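Heads up: the sequence shown begins at 1 in UniProt numbering, then just goes up one per residue.
Derived from the structure by calculation, the hints contain no laboratory data. On a predicted model such as this, the values are computed, not experimentally measured, just so you know. Heads up, the beta-carbon is just placed ideally off N, CA and C, and yes, glycines get one too. Do not rely on the hints blindly, as some may be mistaken.
To be verified - List of simulated lysine-lysine pairs, DSS-like, C-alpha gap at most 25 Å: (1) Lys78 to Lys115; (2) Lys45 to Lys11; (3) Lys66 to Lys55; (4) Lys87 to Lys55; (5) Lys66 to Lys115; (6) Lys55 to Lys120; (7) Lys55 to Lys115; (8) Lys42 to Lys11; (9) Lys45 to Lys55; (10) Lys42 to Lys87; (11) Lys11 to Lys55; (12) Lys42 to Lys55; (13) Lys78 to Lys120; (14) Lys66 to Lys120.
What the hints assert, rightly or not - The following label-pair restraints were derived from C-beta to C-beta distances: (15) Arg43 to Gln93: 34 to 42 Å; (16) Pro111 to Pro28: 17 to 25 Å; (17) Gln18 to Glu107: 25 to 33 Å; (18) Pro106 to Asp30: 32 to 40 Å.
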Amino acid sequence: MRLTLYAVGNKMPAWVVQGFEEYARRFPRDLSFDLVEIPPGKRGKNADIARILDKEGELMLAAIPKGNRIVTLEVTGKPWDTPMLAKQLERWQHDSRDVALLVGGPEGLAPACIKASEQKWSLSPLTLPHPMVRILIAESLYRAWSVNNNHPYHRE
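All chains, please: the whole structure from these sequences, using the hints.
This is the structure in structure tokens:
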């Protein structure tokens, strides 16, 4: 199975790239974790935010291969603690479809992305910095994998 994080934004600081890559490389071959960056729309003083969101959503949905399970990350989604996420990851693996995790830009996700999602996941009721979310998702999923595989990481 393949996990792919589709995130609006590019040109991340080096610490974000390094943090994400640190956890992504730890996943085993049979459960890869990748990142696809969606270019953000140009936001200015008089920007049409609804149009920008729609365009970002189009690009995001077009990048996802057919048949993937779509999981959106939203403040209003379901909060999962580590054991719950581990069970969720196990269910995804048994389902054998690849999983597309979607993270929006500053204004969130396009309505089309939310509509296409099968599940909504909330990392926190807080609004988190989008660059940091990439690292949090990677670490959380790696920890869930380590719980499921009795790897010592989750006990550190």
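To test your reading of the hints: which numbers does this structure violate?
Violated hints: 4, 10, 16; rest satisfied.
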